[in-house]
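Number of protein chains: 2
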Amino acid sequence: MQASLSLKPALDAIGQAIDARFDRLLAVPEDARAPLYKAMRHAVIGGGKRMRPLLVVAACDLFHVDRERALRVALAIEAVHVYSLVHDDLPCMDDDDLRRGKPTVHVAFDEAIAVLTGDSLFALAFEWLADEATHEDPFVRAELVRELARASGPCGMAGGQMMDLAAEAGGFDLPATTRLQQLKTGALIGFSVEAGAIMGKVGDSTRLKLRGYARDLGLAFQIADDLLDVEGDSSRTGKAVQKDAEAGKSTFVSLLGVERARQQAAMLIDQAIHHLSGFGPEADLLRAIARFAIERDR
Amino acid sequence: MQASLSLKPALDAIGQAIDARFDRLLAVPEDARAPLYKAMRHAVIGGGKRMRPLLVVAACDLFHVDRERALRVALAIEAVHVYSLVHDDLPCMDDDDLRRGKPTVHVAFDEAIAVLTGDSLFALAFEWLADEATHEDPFVRAELVRELARASGPCGMAGGQMMDLAAEAGGFDLPATTRLQQLKTGALIGFSVEAGAIMGKVGDSTRLKLRGYARDLGLAFQIADDLLDVEGDSSRTGKAVQKDAEAGKSTFVSLLGVERARQQAAMLIDQAIHHLSGFGPEADLLRAIARFAIERDR
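Chains as they are written, first to last, in our numbering: chain A, 1 to 298; chain B, 1 to 298.
No lab work stands behind these hints: they were computed from the structure. Any given hint might turn out to be false.
A pair holds if it fits inside one copy or across any two, identical chains being indistinguishable in the list.
[Unchecked claim] Straight-line Cα separation of at most 25 Å, DMTMM-like style, residue types lysine to aspartate or glutamate; simulated pairs:
no., residue 1, residue 2
1, K209, D131
2, K49, E295
3, K201, E68
4, K209, E132
With the sequences and hints as input, model every part of the structure.
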């Protein structure tokens with residue numbers, strides 16, 4: 001199924017805005033670093049659903065945070081997301097050749113450049129968030145950095161990837177798989193939404209609601225990913241499918257079966273949308289994203 | 001030659017302070033992330049000269065910055081330095097088996113864990129710098145993050161490592177090799193010194209002097225490293241020697257010869273110390289570090 005009509009223009013607009021900014025910020029220098037910049041451009045420009053940037057913008061809309069400020073943070077989060085994909089695709093990790101419909105960085109360039117591409121995007125994300133040229137309040141800049149660092153470090157994404165390596169040995173049950181995914185993909189999705197609350201300087205109770213939304217959305221998103229890995233078409237998803245089953249990894253689908261996994265995802269999305277009940281139409285984009293998360297075909 | 005008498009106690013004290021803090025911050029969790037934490041501990045605890053932490057503390061001493069604040073930043077910088085070593089040692093990069101007298105992380109654990117160990121240390125460095133629990137002024141926290149990100153990204157360390165890969169093809173002359181090293185090792189050494197100025201909130205003219213000191217020190221330090229690679233003993237350096245010559249890489253020694261390289265390093269150290277002429281005895285530690293940089297045997 002295609003993105004619901006209300007979401008498609010938003011996704012396209014975000015994609016273009018993100019691409020334009022990456023293009024500007026990653027101009028290829030005329031020295032021996034050129035291949036590194038070309039590899040970063042290959043990885044970040046013109047691909048992906050841009051779900052996390054859209055979440056940042058949608059969460060910022062709730063609190064009337066200026067679009068330009070939202071996009072700057074969205075760009076940093078997307079850079080971190082892509083960095084994690086580049087490292088995750090390495091031969092010593094998931095060993096994937098295809099990503100977003102293109103050869104992965106270590107295939108198009110080489111492994112050493114892929115390592116440095118991830119490292120560089122990670123560093124740039126923090127530079128962009130902390131830069132005083134953003135005119136962002138220093139307190140907000142420091143808080144964004146801290147939360148992004150937490151979401152991507154050993155208590156977040158990197159920790160989840162470590163669990164994922166351990167999961168290849170098998171034996172992960174449903175609670176362990178849930179925890180793995182909450183770290184591996186949930187933490188950064190959570191920060192994407194929470195960034196809006198940080199920039200909007202809203203209170204703890206509002207932040208708690210958004211965290212609940214993000215937690216349920218993140219899990220549903222991952223279940224949908226697992227379903228696409230089983231049922232998807234690599235010409236649509238732009239990456240290899242059936243990888244998890246071949247690796248013998250526990251997934252929500254292997255643990256629950258296709259039908260119950262689908263029901264669980266739908267239930268989580270209802271729950272995610274319920275967390276937004278205190279908001280009016282300004283949260284419609286977040287609601288549409290939640291529905292899209294389980295309706296998408298890539 | 002051993003560290004000069006005045007420096008040895010300082011190096012030992014810093015080493016112990018850094019080890020104690022890493023030990024506390026990297027407690028091994030009782031879940032599937034345990035190997036990741038063990039690998040981080042293997043990489044960061046009990047090894048290395050701790051030159052960068054000592055530089056941070058010495059620079060902070062100039063401006064009477066509290067030792068505890070200095071050590072926190074020193075820890076973040078050392079984490080970033082070690083992360084770069086772990087990635088640099090990977091088979092697809094320099095393919096080193098020995099580091100700080102111990103097996104490298106990908107040998108002691110595996111390649112995937114080595115990638116995640118580097119990624120995790122990098123994330124933690126930013127988390128530690130940005131954490132509001134430090135009671136550091138938010139403006140200072142944001143500035144430390146921005147400068148560390150710059151020093152480690154594609155315009156700093158990662159960019160220098162990319163140049164280093166290109167240098168393996170040969171043909172790097174002296175200016176190109178100098179620029180490579182200024183990025184690869186100079187940027188982080190520069191930030192180690194500048195961190196003192198940021199925390200001390202000193203003016204631009206003082207910062208410029210410290211930058212000059214760090215630039216000259218960084219190059220001299222690298223020349224000394226190149227000399228150790230040619231003349232050193234791996235039982236002292238704790239890493240493989242003669243690597244550069246085997247790889248056919250241009251180094252200061254291959255470009256200048258041993259004698260001129262040694263003279264150049266001595267000249268740079270004189271220059272580095274000259275940048276400190278406006279300071280009194282409070283800069284004696286920075287002066288001693290400069291002398292140590294070219295007298296060390298590891």
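Of all the hints numbered above, which does this structure not satisfy? Sort the numbers upward. none
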